[in-house]
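S.K.: Chain residues, written in single-letter form:
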Amino acid sequence: MNAELAIESHDLTRRFGKLTAVDHLAMRVPRNMIYGFLGPNGSGKSTTIRMLCGLLTPSEGTVNVLGHKVPGDAELLKQKIGYMTQRFSLYDDLTVMENLQFIARVYSLPKAKQLRRIEKALQTYFLSDRTRQFAGTLSGGQKQRLALACATLHKPELLFLDEPTSAVDPQSRRDFWESLFRLVHKGTTILVSTHYMDEAERCHRLAILDHGRMVADGSPQQLMDTITTTVVEIASASPQDAHDALQEKEGIASVTQLGQRLRVLVEKSIDDPIAHVKTFLKHANVDAQAEITRASLEDVFVASTHKQVSDAER
Amino acid sequence: MLNVSWTRIYAILTKETQQLRRDRLSSGMIIGMPVVMCLLFGYAINTDVRHLKAAVADQANTQLSRQLIIDAQASQVLDIIGSVHTGKEIKELLDAGKIRVGILIPHDFERRLEQKDRPAAQLLIDGSDPTILGAARSLTSITLNNMAGSVTSPTKLFEVRNYYNAERRSAVFIVPGLIGVIVTMTMILFTAVAIVRERERGNLELLINTPVRTGELMIGKVIPYIVIGLVQVTLILLLAIILFQVPINGAVIDIYLAALIFITANLMMGLVISTFAKSQFQAMQMTFFFFLPSILLSGFMFPFDGMPAAAQYLAEVLPLTHFLRLIRGIILKGANIGQMMWDMYALFVFALVTLGLAIARFKKRLE
Ligand SMILES: Nc1ncnc2c1ncn2[C@@H]1O[C@H](COP(=O)(O)OP(=O)(O)OP(=O)(O)O)[C@@H](O)[C@H]1O
Ligand SMILES: [Mg+2]
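Chains as they are written, first to last, in my numbering: chain A, 23 to 336; chain B, 713 to 1079.
Be aware that one or more of the hints could be misleading.
Heads up, simulated EDC-like pairs for lysine to aspartate or glutamate below, C-alpha to C-alpha not over 20 Å straight-line [unchecked claim]: (1) 1076/B x 95/A; (2) 165/A x 912/B; (3) 40/A x 1079/B; (4) 1076/B x 97/A; (5) 208/A x 197/A; (6) 165/A x 917/B; (7) 304/A x 266/A.
The following residues of chain B were derived to be distant from chain A, with all beta-carbon distances above 12 Å [said to hold, decoys possible]: (8) 741; (9) 774; (10) 822; (11) 914; (12) 919; (13) 925; (14) 938; (15) 939; (16) 942; (17) 968; (18) 1015; (19) 1022; (20) 1026; (21) 1060; (22) 1068.
For the record, the hints were derived by calculation from the structure and aren't laboratory data. For glycine and all other residues, C-beta sits at the position ideal for the given N, C-alpha and C.
With the sequences and hints as input, model every part of the structure.
M.R.: Encoded structure:
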């Protein structure tokens, strides 16, 4: 085990009956960074996180987290990790304060520290005026802030966050990420799953999962630089027609409409992507402008997960 | 199990108490159930059957025999609606369902009384209804106490004997047993849903990711209910004394010692159920399947000695059987716990085995 790595897995696999939710995953998560987990619904993000925490037994493969074998030595790990579940898992019928106190006690924080930590967490996550409210009656975003407050209360070395901001408004999401960076600054390693591209872009490193397989791994910049498709942007007066003209055509990985414009991912194997696209457009009598543009992370995501789908279909 | 953390146990038990306090239904059940059950079993389900229709065949027709009939009627157990001549006629009336009880006083009634080795009179009863059997037993306690200088021996008056409640008050016998029944019901129900509920509400994924150990979780979850169980015991004891004048012949401390271990045994049983059940509904079903034989076989409903041997062996496994012996022994007979250690050990072993089973069954895993 490399001491620089917080998480290392080999051939990590989990099957549910016939379905392979996680498929021979080789992960290397360096310490002290935000590692993003990107992937469509059902791609195995939550299942992987559960296996890394020792909550699910892998069907195959080995996992080493912070130097502990998982699931074998998972109990030794519990004090060092924090886990924010995708579904709210704190107690609805306990108040915000009671939930925090429960977590403080169950992680055996010394009495003197408990109050100070809780005070701090309430401030950090903007919950100071909600201490006596039942957790069940909090709004979606407030619940997620409480969950993060609880997951970080014992200052874990490694933090697993499963879609922590799915119900959080943009401003709060910014604040939320601020606090994540502060944690990293203090030495925490964070593994976070998300569907948001802006969040993915903020990660130090990203893994894209699709059908349980890792289809891309690297920094957002690396991923955008090494994208396997060319991005062609098309401006047209009749974008719907242009869309239909290009949809599911040879060499075209995907077509996305953005208002009057289309974003088309063209396979790298096509030598002249502009000409390739224009042929189809001309064929359908659609008048349009086309130009090559920089790939965004969303393009990377669509390109890598799309390929996987079409591979599977063939 | 080594280096158990009291902080973590405290965390669990505080959380459990807070949740319980807010759960109106459960809180209501803690107080409501003992009160309702006590009133129901103590008053409504009264095995002191009264006003049974009866016929008499007084073949002796002496002053003593007439006195016996007057006493029987005075007990209010019987309503003597007719008088016949032979046992055969009584039988016919019984068969036709016209009467439930017949009294046959033979010609040689007075001589039988003096001989003392033969029953003096016969009680013919409709045995199809067990409560009537019970009533008949109570009748046998009639003595000819109105007879000055009587030489009768009360137990030999009637052929039916083997009565067990000298005062003819079933509440005295039933209410102490109720402690066991109510505690079994509430305690098992409380912990049977303990883990399933965490799972159903999605709390389990968080809980099993904390450093809390299985044993700590189990103990933390059980402690609040031990307190509640003791409160219930106190409540039923008070009702027993105030409403039903149940005499507490033994030591109160013995009652609580027996109750403590019995409560614990039931809570552990609930935990075991909780590790098997997939939903709260299933947990309740399983509780019921445990509760039913407990009530039927323990000696609460039917006399233990009357059961077939196989049922008796089975009953020995049930905590309620042992507790009924303990509590009836202490309250009614004034026995002390030292005389009944075997039952205490049995409860202790049951609690230990079930705790072990619950811990072994519970995995800090999601699958
Ligand atoms: N306990 C289970 N039993 C059966 N199938 C399961 C189980 N848990 C997950 N799966 C399946 O495994 C696959 C991966 O699920 P997982 O929850 O890991 O996806 P995810 O990437 O977290 O998706 P999302 O973005 O929607 O949260 C899904 O197809 C899911 O249906
Ligand atoms: Mg998920």
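S.K.: Please flag the earlier hints that this structure goes against, numbers listed from lowest up.
M.R.: 11, 12 and 13
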